[in-house]
Amino acid sequence: MKKVTGPAGRIARLFIDSKLTPLVIIASILLGVAAVVALPREEEPQIVVPMIDIFVAMPGATAKEVEQRVTSPMEKLLWEIPGVEYVYSTSSPGLSMAVVRFYVGRDEEESIVTLQSKLSANMDRIPWAASPPLIKPRYIDDVPILALTFWSEEEDHYMLRRVAAEIENVVKREPDVSLTRLIGGSRRQVQVFLDPARLAAHGIDPERTARMIQAANQESDAGAYPSPEGQVLVHVGGFLKSEEEVRRVVVGVHQGRPVYLEDVARIVDGPEEPDQYVFFGKGPAAAHKGIRAGGAPGRAYPAVTLTLAKRKGTNAVAVANRVLRRVENARGVFWPDNIHMTVTRHYGETAKEKSDELLLHMAIAVLSVTFLIWLTLGRRESGVVALAIPVTLALTMAVFYLYGYTLNRITLFALIFSIGILVDDAIVVVENVVRHYQLPENRGRSRFEVALEAVSEVGNPTILATLTVIAAILPMAFVGGLMGPYMRPIPVGSSAAMVFSLLVAFIVTPWASVRLLKKDSEKSGESEAKEGWATRIYRRVMTPLIEKAFPRWTFLFTVVILLMAAVGMVVSGLVKVKMLPFDNKSEFQVIVDMPEWATLEQTAGAAMEMAEALATVNEVTDYQVYVGTAGPFNFNGLVRHYYLRRGPNVADIQVNLVEKGARRLQSHDIAKRVRPILDAIALRHQARIKVAEVPPGPPVLSTLVAEVYGPDYDRQRELAAKIMKIFEQTPGVVDVDWFMEDDQPRYDLEIDRETAALHGISVSDVAGNLELALSGRQVGLLHQPAEREDVPILVRLPMGERADVKRLEAIKLKAADGRLIPLSSLVRARMTVPDRSIYHKNLMPVVYVIGDVAGEKESPVYAILEMRKKIDAISLPEGYRITQHTAGLPKTDRRFAIKWDREWHITYEVFRDLGLAFGVVLVLIFVLVVGWFQSFSTPVVIMAAIPFSLIGILPAHWGLGAFFTATSMIGFIAGAGIVVRNSIILVDFIELRLREGMPLDLAVIDAGAVRFRPMMLTAAAVVVGASVILFDPIFQGLALSLMAGEVASLLFSRMTVPILYYLDKRWEFSHGHETAGKKNPPSDR
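In terms of this note's numbering, the sequence shown opens at residue 1 and continues consecutively.
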């Protein structure tokens, strides 16, 4: 009897006949099931990136003054905070906005507290005219998971808003709902339209009228006094509670009689004056979504959208479903039948669909691998492997739960990716147990002892091989940037799965093997003695490669040529590089930016024309048009700050598509198809548009971003204009824009200070009356507790009286002596244009030029390479070329420079970090193999097989027309561990044969013949396991790298590794390094 040695044999001996083993199996599976139930389900992984918006108002200040007085000092303070990666700022007339982004993974609460403490400690440095900073943290959980759009053919925006407000109140009662927001509709408002002529006739000016309304709308507790009956409270005043009470407010006295507000103004209690519009429209595929109401596609209806986000760590699927049940229960109670509700965003449903789809794919992968083992090893053997897989996956699920992950597409992809590699440990053990059962010398022996010897024999190399796979995968967990935490579940989950698969292979697999496998030595002995035709061919081919130099070197040279040809596919552009391919979602947005001078109605006209064009696209189910406001934002909109879009010149169009299973085209192809149509409409309206697709990974400001730096901001703008022309002239570059406002007419009313002072009128009096006339002033609330939303009282001039500067100049102000002085005698009107905003990034002034890519080469890498040459040709008066940076920001702003940023920057970071991770992988594998084989040359032989996988990977990408992406690189790196694992099995078996006294030339051939079956099974398991994700848009690259890489490395390493090992050992023998039991090889013939 052979001695059972090593940790594998000792572990197997403890559990092979233990009653605890089935309990371990049952407990593991139950633990995994509990983890699946408890894990929150989301579509995308949670990325912790503390991001905080800070607003400081400085009314009346120019953009340059805001920059110098507010923005620059605040930026310097923010830059001092530890952990801050970027500080972006915008200095606009009267307003400073800064966006602070901390490093990925920083604690959100700590970051916010640190920033607030920093600003609070420096409040004394705020300029006198500036407001205290308004701090607004932004979280990924702020992204709405549900959007409910209420629309009607009969009701107007006002009624829809009131109904939606009632539903919002119902929804807020759900415990796991956090932020809710109503978009669109007209709120109730008491509008006081002042009549300038009647005001003048009664000797009152607008400012006094507003003050009197505000003074009349007061109510408070004055205190209390003691009495014999006890303490008596005193309440004074009275809030305005109705339109009639507002009408009867006394705003002055004229000729001894009170002047009521209704004497000098028209009061309207009803919908507010629109500053935004929301419309709902049907598409040709509306029936797929169950939208039956409404007319033909293309007709738009008034709408209001209610959005809601969930609390952190809660299940998106469960929260969304509970909310929808509450809303359905409110049907008929809070909203009538002539108002329709359409779910225009349901990330809970998409998360469930994706997780269910991936769980199904995982089950298919498990069954496919099991069926593969059935075909190659047998029915009973497949049962052993089928038991090992769910136990391992269940334990990995538990790790995800303990690690704080959610059940999203990345964690599930990590499990599917793991199936092909985690089954390898069980395959090696089962295959070796089967082989030992079939050996003639084991006839009549105890099946337990034989199984223990089999486990012990392969245990140590299996441990080493598993560690090499972990060493290949785990360093990818330390990739930086936004892609790091996004893809981190793959290395974390795969490494955990490999650890558990090793333990299961030594605990569960031997226990199941002795109970499920048959020990039929006679039949087996015959099969052992008789080799198959493939093995006989292998021996015939390998013999001359080992014994003869010319065939050997010809073969090795051919392998090198194939490898160089494969790598040349990337250099030549046959295989294109991109961070991530486009995803296939059921939505996209159209972002519309009209010139700054555009009115709300002009913007609505342009947006509605685009919406009508979108309504002809067959795949569209519905669309929503948001004019003057932002639509519901997604993660992409959170990073791009779309939620801040306000004003009469902006619009968003949310386009929803039929589910991907019911359409032929992917969402990206649909977006490409509609872009030229929308561009033509935008050109007619002088608008700029961006077709914003949901990104496949972490979002960026734009696919292409050129940041222009320099010593003079006006020159930076001129240079940015030239670069924008280059963007527009470059084929494949679309949606070109820059962060620069168009010139908008502005009247500057310069006040004659001396004349105003002679009349006792201050500058603030003039400014206050003008602001009230044009923008209106909220002077309080109409106090009606039953209303769901505030009912403000707004004082302003009617639209006709504020539509021309001449009419504004007719406004009369009350002088100190009681006379009314026309504004025209106090001001001089001068036509100008407003200041343009000034942008900073990390304290340096910058101008942004942005664009997207769409065409044959849909990767920013190739567009940038083409534009770099054109930018190099730009001549500067200073006599030097524009410096172009690709990795970091310019060190100084004394010279004009460009930084290529956003998707290119993330692509650079990802491939840089993955390259470094691959370097660490090689070092770790080298150290492990050196420690095991006690040789410096043997690890080189074993690791030589790693690049062979590229011979399969790159042609496979070219053949399917796929990008080589970050997931492709992950697949290549992970595959390196599997390739090394197979090489270790080969080399370990060669040395086993050498120790048994077999000559070196026969040993290397025999290893490839005997150990090919477990190698082939490993490769086949990887191919079968990865095949279920081959057609996923994001992870196709990973599947291709694993499948094609494993097939190529299997074919080439089976021959190349033995040849290289033979050459290495022959050199050792020729230099006198032979050891006992090893025989010198024959000379080349």
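Don't read these hints as lab results, they were simulated from the structure.
Possibly wrong hints are sitting among the right ones.
No farther apart than 16 Å at their CA atoms in a straight line, the calculated lysine to aspartate or glutamate pairs in the EDC-like style are these [said to hold, decoys possible]:
#, residue 1, residue 2
1, Lys672, Asp790
2, Lys857, Asp669
3, Lys118, Glu80
4, Lys672, Glu856
5, Lys354, Asp669
6, Lys660, Glu353
Quick caveat, the model's predicted, so the values are computed rather than measured.
Now for the hints, and whether the structure bears them out:
Only pairs whose Cα atoms come within 16 Å are accepted, and Lys672 paired with Asp790 is rejected, the gap being roughly 43 Å. Proposed proximity of Lys857 and Asp669 is supported: the alpha carbons are some 14 Å apart, at most 16 Å. Under the criterion of a C-alpha separation no larger than 16 Å, the hint pairing Lys118 with Glu80 is consistent with the structure, at around 9 Å. For a cut-off of 16 Å, the pair hint linking Lys672 to Glu856 stands: about 11 Å separates their Cα positions.
A hinted pair counts as satisfied when its Cα atoms are at most 16 Å apart, and Lys354 with Asp669 does not qualify at roughly 21 Å. About 11 Å separates the Cα atoms of Lys660 and Glu353, which keeps this hinted pair within 16 Å; it holds.
Of the hints listed earlier, those the structure fails to meet are numbers 1, 5, in rising order.
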